[in-house]
Structure formats: C-alpha cells, structure tokens
Amino acid sequence: MAIDAPQAISTAASAAWRQAHLLDVDDLTPPEFETVFRTADAMQEILSREIKRVPTLRGKTLATLFYEPSTRTRVSFELAAKALGADVVNLTASSSSVTKGESLIDTVRTLQALGVDAVAIRHPQAGAPYVAARHLHCAVINAGDGWHAHPTQALLDLYTVRQHRGGIRGLKVVIVGDILHSRVARSDLWGFSALGAHVVLCAPPTLLPRRFGEHEAWGLPPAEVEPRLERAIEDADVVMALRVQTERQHTAYVGNLRDYIRLYQISTARLRLARPNVLLMHPGPTNEGVELTAEVAQGAQSVIQEQAANGVAVRMALLYLLLAGEAAP
Amino acid sequence: MSPRPIIVRGGRLLDPSQGLDRLSDLLLLDGKVAAVLAPGATAPPEAEAMDARGLIVAPGFIDLHVHLREPGYEQKETIATGTLAAVRGGFTTVLAMANTNPAADSAAVIAWVRDRAEAGAACRVLPVGSVTVGQQGKELAPLAELAEAGAVAFSDDGQPISDPNLLRAALDHARALQRPILAHCEDTDLVGEGVMNEGPVATHLGLPGIPDAAEDSAVAEAIALAAFTAGPLHLCHLSTRGSLALLRIAKEQGLPVTAEVTPHHLLLTDERVLGPAGAGSLARYDTHAKMRPPLRSEADRQALIAALREGLIDAIATDHAPHAAEDKDCEFAAAANGVVGLETAFGVLMRLVHEGALDLTTLVERLTAGPARVIARSGGMVPSDLASGLGTLQLGAPADVVLLDPEAEWTVDPATFASKGRNTPFAGWRLRGRVVTTIVGGETAFTIKR
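Order-wise, the sequence lines are chains A and B. Quick note on numbering: our numbering labels position 268 of the first sequence as 268, and the sequence is numbered without any gaps. Quick note on numbering: our numbering labels position 426 of the second sequence as 426, and the sequence is numbered without any gaps.
Check the hints yourself; a few may be wrong.
[As the list claims (entries may be wrong)] Reference excerpt, derived from the structure (chain A facing chain B, CB under 7 Å, subset only):
| no. | residue |
| --- | --- |
| 1 | Asp27 |
| 2 | Gln125 |
| 3 | Ala126 |
| 4 | Gly127 |
| 5 | Ala128 |
| 6 | Tyr130 |
| 7 | Val131 |
| 8 | Trp147 |
| 9 | His148 |
| 10 | Pro209 |
| 11 | Trp218 |
| 12 | Gly219 |
| 13 | Leu220 |
[Stated by the list, open to error] Residues from chain B that face chain A, not an exhaustive set, calculated with beta carbons under 10 Å:
| no. | residue |
| --- | --- |
| 14 | Gly199 |
| 15 | Gly209 |
| 16 | Leu282 |
Calculated from the structure, these hints are not laboratory results. Backbone N, C-alpha and C fix where the C-beta goes; we use that ideal spot for every residue, glycine too.
Hey, can you work out the whole structure from these sequences and the hints?
As structure tokens, then:
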C-alpha cells in the first residue's frame, strides 16, 4: 500500500528554502541548512519503514548526468529519487552521446525536452552546473564540479555531525589533506563555517590555496591554517580526512607520498589527541594506508559508513525541496 | 581620385606628438594634413565643413594588437567587419595579428591580407608576420620574406614562444630587419591547466589558477634576451606588477623594450569572473572575463594605470579577440580566450579620465603617438605613404583624424557592434565619452548623427 509523505515532511520544509537549484552551499542561509536537516529527519523515518517508498514525487524524473566516474554519489541520488517515487535515468560520459562531442548545453537541453524535472550533474570542470542551470528551466543539482563544490556531500557531512552532536555551533572541525584540489573541502568549509563551527585546515603548503589564511578575503570563509597535524587535531570534535589524489603526484603537488604519510596520515595515535568522542569522517572512497589507517577507518570513532547512509536521506530532502514545490500537501 | 577636402572647424585640436592642445581648425587636403588654422580661417570653397565645436580633434588611434581572424576564422571576424569595428572605435590603423589559418608565415598570406584590406578594409591594416612556421614554436618563419612582403612586426601572439633559443634568434633577425617582436609572455608550464588569475576568486570558484610568476618569468627571459641581442622587443598586454618592475629595469638600462596594456586589464579585475556587477550567483564563471593573460588583482590594475600614466607603458592596445557565441557559451575551462575591444576602448578608457586616474592628453598619447613609436622606432614602417608618420597631425601626415565627444553618454550594447564578436565584458556599461567621426586618409570612414 502506498502511503503518502508524512505531514512531518511538509512541516519541516518551511518557507526558508528559496533555491531553484543547488549549485553550491556558499549562499545557503542557516535556516535553509536547518530546513534540509529537518526534511532529512523526516526522510530517515521513511527509510526506516519496511516499505521504503512514498509516492510524493511520482511522475517526476531525475536525470543523473555524470562526466566523471562515481559510485556512491550516483547510486545515492538514484535510491533517493526512487524512495520518493520518482523515475531516474542515468547518463554517463561513456554511454551517451556525450562521447560523440555533444556539448553539455545540447545534452541538458535534450534532457529537458524529454521531460526531465531535475538534473544532477557531476563534471570535471568547475562551473559546469552553472552553465547547465543558465540554459535550463528545471532544477540543477551540483553532484560535484571540478575542484569547486560538492554541496550534497557537505550537507550530508553536516547532517551526520548534527545527528551525533545535536548541532554544529562551537565544534572544532579539522579538515586534513589536499584542500587545493578538493571540492569537498571547499563545500565543507562553507557549510561548517556558516553554522558556527571553528574550522582548521591542515595540509602541506602545496595543497593549500596560495597564501590562504593570510588575509580574510581569500575566496573562502576565514579558517585557521595549521600545517602540523598533531596541533591541528588537538581537542578536535570532527576530523575530516580527504582523499589523497595519488594520480596528481606527477604534478609535484603531493610531493613524496612517504612524506605525506609521515606527516598527515590519520592514525590511532594521532586521533587520540582529539576529543574522546571525536567523529572521524571521510568523503570516500578511502585510500587506507595513505590518508588514514585501516584501523581508524574501521574504528569506533569512524562514521564513514554513516555518511554514506545519510547521503540518501539528505538527497531525498533536496529532491523534495527542489521538486515538490507546489505539489506539497 | 583624391578625396574631397575637409575643414574641421571649431574643435579642440589635441595632438600629443607635437604638444598641441588648442582651439583650431584643421584642413585636410589630398588625404593629408594640410594646415592647422586659426578658428574661422578661410578654407577652399569646395571643402566639406565639419562642425567640431565641443569636440576633441585628435590623430586617429593606432591599435597594435587586433585579431581580424581572416583568413581562416571568418565566422569570428573578417577584415571588413573588424576594420569597421575599428573605425567605430576611432582607430585608423590596426596591426593584424598573425594567428590566422593559415598563419601569416609566408609572403603569400601577408600579400593576401594586404589585398583583402585594400579591397574592403575601413581603415589601414598593417600585417604582422608569424615568428615561427605555422605558429608552432618549432622553427623560424622566413622573417626577411615576411618583412619584404609588408609585415611591420613579428608575433606568435596567443601561443607564447616557449623555446628561448627561438626567441633569441627571432630577436637577432628582428634587429637586422628593424621590426619588433611583439611578445606574448607567459611561461606555459607555469600556466599549466590554469584558466584565471591565481587568487581569491580562483580559490572560491575552484578554478585552476595562473600565477603572476607565469608572466613575470617569461617577461624576465624576454628582456634578458633583448638585452643580449639588442633586438627590438615589444611586450604585449602586460598584467602583473612583477612585469612592470622588470620593464622599469629594462627601460632604465636603455634596452630596446616597449610595452602595451589592454583596456580590460586597466578597467577590470579577476572579480569579473564572478559575473557583471550586481548579477546573482548564477552568473558566475563568466567566460567574458576569460583571456590570456588573465584579469589580475586590484593592486595589479592600479599599478598598470600608474605605469600607463607615467609612460612606462607606451601604448594601449585592445587585443580585440572576436569569437562566435558558442566559443564562449560553455564550461569556463573550455571557453575561448579573449574579448572584443575596438568599439568600447575609448568609452571605457574615458572612465579613467573622468575618475581622475588619467588625463585626456595622456590617454590620447597612448592611443596615437605611443603606439606609432613602437612600430616606427625600429624603422619598420614599410608603406611609403606612411613615411611621414602615423599617430600625428603634423603637416603632410596622412589625414587620419578622430573627432571625440568626451561628455556624450551611451550604453554598451553588443547587438549594435559592427564586429562579428559580441564577447565583451562591458555589456550594459554606461559610458561617458564617445567617438563621433573617424577620418581615414581624408575620407570619412565613420560618423554618428549628433
């Protein structure tokens, strides 16, 4: 039996939400973040049922358009859409006409003409979702663009921390690793800062934006830069380890990998310097043995699997906020 | 057939080449400047009287850096449309860059450009020859052949010459041929995947940055080679404080080095990549702010203005780079580099004058006598009718004249451009200062109704 979305959803989705697209988290207001979290709470309830499906978005179609390989993000969007009764079409760069030189604009226009209501785009070039959004009437969700942003990841990271700590304000959040090339780092920095956390960035100098932290207006919210991991991690409430993109080594950015491990790997001993109830996070996929040890990745403080699980509820919330609109009961 | 005589009456004659700034009438006869007369003086009865009261009368502007795109990229621009855009912007002479298809690396292409210009250009077109064969940066083009065919300078603009031995050889030949190398100085390894200035905006937008050092190190290398060879070096579109410091050292040492700056580097910073002022976040990644070298910081912009004012920078050049709409309407990294500039240059530069950052005489100098020096100083001025000089209203000089209204207000509307390229970062700008009439060789090439 199909059950309608509980009243809790529409109550949670208050008038605070004003976005037509989700391109970045840098212009979300704290009430908008809160709206996403409350809506995700309601979605969690649906996901805990025996039949994890409601018809709220029946008749709507989500297209996932991925120009980069991804498993968890794409699958998470698909599960989220299906749980709300929407249809999903998946396009990847290798299986569609994308490989025939069809431009991004042509592709998204075609999707719109075919009646798609929302497009989740993953693209190797920063700003590509903006190009799509300028040419579309339907909702565009940035599923990760270049080094720029990964807003749904940031929202699920925040949501996971909020679940454990009840809120974000006042927490010490340490982001460790390749900040320069990380869309997750950028979006997390915006999100955690907007909600009042104290963010510390810890990275080798080549993997930080040049002169970042030297003055306030360096393109991202103010953050403390502490290149020594042992100091950065001290009394941390959250440690976010970023994936070391070993394929970038040739560009001299990462430097010697043994040096990286020596200085920046999250290990049991280093994690002991944080608060006892520290949350260890990672956007995945992890390189165990590089940016963190297998022991901590699977340890008691790790919430890496929870992040993945929460991704579905958070993406359901976003799809609901972007698509239900006037259809809300 | 010689053009009808013209008497320009009642204007403020402003010719920095002669230090001239006074109310005068100007008589143009047989395509040449014939006389500077007291206001109201008698003129030949057949002369066309042009009312210039309230206007500035100046030598026609010279643009050292224009991409006319023909042959090869006629969908972006042609010699006809590009020169029409030029005269609408007050330019009477443009240097046509060599990165066409085929590149201007043979006498045949240079001759073809000159023929096309003779048949259908609205202003003078001085061809630039390619430094290397096919602009590939591998082997030198036949520079002597190009010079003989009419190339007034050599450039691989758009594609920096990364092999210093090639640049050294090119400067050696340039000295012998008395024509400057117009050098686009960027270290391509340091540019890497960069698509905008490395700075806060790039950090925010997650776009790969181009460090200042990419330009500074290439400028340093080019200056060192100019010093070593004594070859005439002209530095295109400088954008960084570091470049200016190096240029200062070169000039203090008396090296044969000149430099230009573009209107967009003088008026805009990398913040423009976020979109036009007041536009929302959806306007981010604005490809009309994508060019090489990239728009830099406000500190760089201020340094460029100061360097232009004091004369460290010799000329303003537009780097007019027309593109088809689809070349710009795409992902930022995939978008073509460059913006159009001919039709907006004077108006946007007048902002600097109205703001008090630059005086009008200096602005006109950097658009006339300044660029004329760059091409003339090395003796590379081939066409004999130009022997008496461009960028000046001296008696006997070609009758290339522009009438300017420093107060007229207008709004930039790319739809009205003569250029095929609509890729301007200044769309919608309300400007004060406008080109009213452009005279090329004694003939009116452009005039607006007043």
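How the hints compare with the structure:
1. Asp27: 5 Å, holds
2. Gln125: 4 Å, holds
3. Ala126: 4 Å, holds
4. Gly127: Interface hint status for Gly127(A): holds (3 Å vs cutoff 7 Å).
5. Ala128: Holds - the Cβ of Ala128(A) comes within 7 Å of chain B, reaching about 5 Å at its closest.
6. Tyr130: Where the cut-off is 7 Å and the nearest Cβ of chain B is about 5 Å from Tyr130(A), the hint holds.
7. Val131: 6 Å, holds
8. Trp147: Holds - the Cβ of Trp147(A) comes within 7 Å of chain B, reaching about 4 Å at its closest.
9. His148: Interface hint status for His148(A): holds (3 Å vs cutoff 7 Å).
10. Pro209: Holds: closest Cβ of chain B sits about 4 Å from Pro209(A), inside 7 Å.
11. Trp218: Holds, about 5 Å.
12. Gly219: 3 Å, holds
13. Leu220: 6 Å, holds
14. Gly199: It holds, given that the least Cβ distance between Gly199(B) and chain A is near 7 Å, below 10 Å.
15. Gly209: 8 Å, holds
16. Leu282: For Leu282(B), the interface hint holds, since the closest Cβ of chain A sits about 6 Å away, which is under 10 Å.
In the structure shown, no violation is registered for any of the earlier numbered hints.
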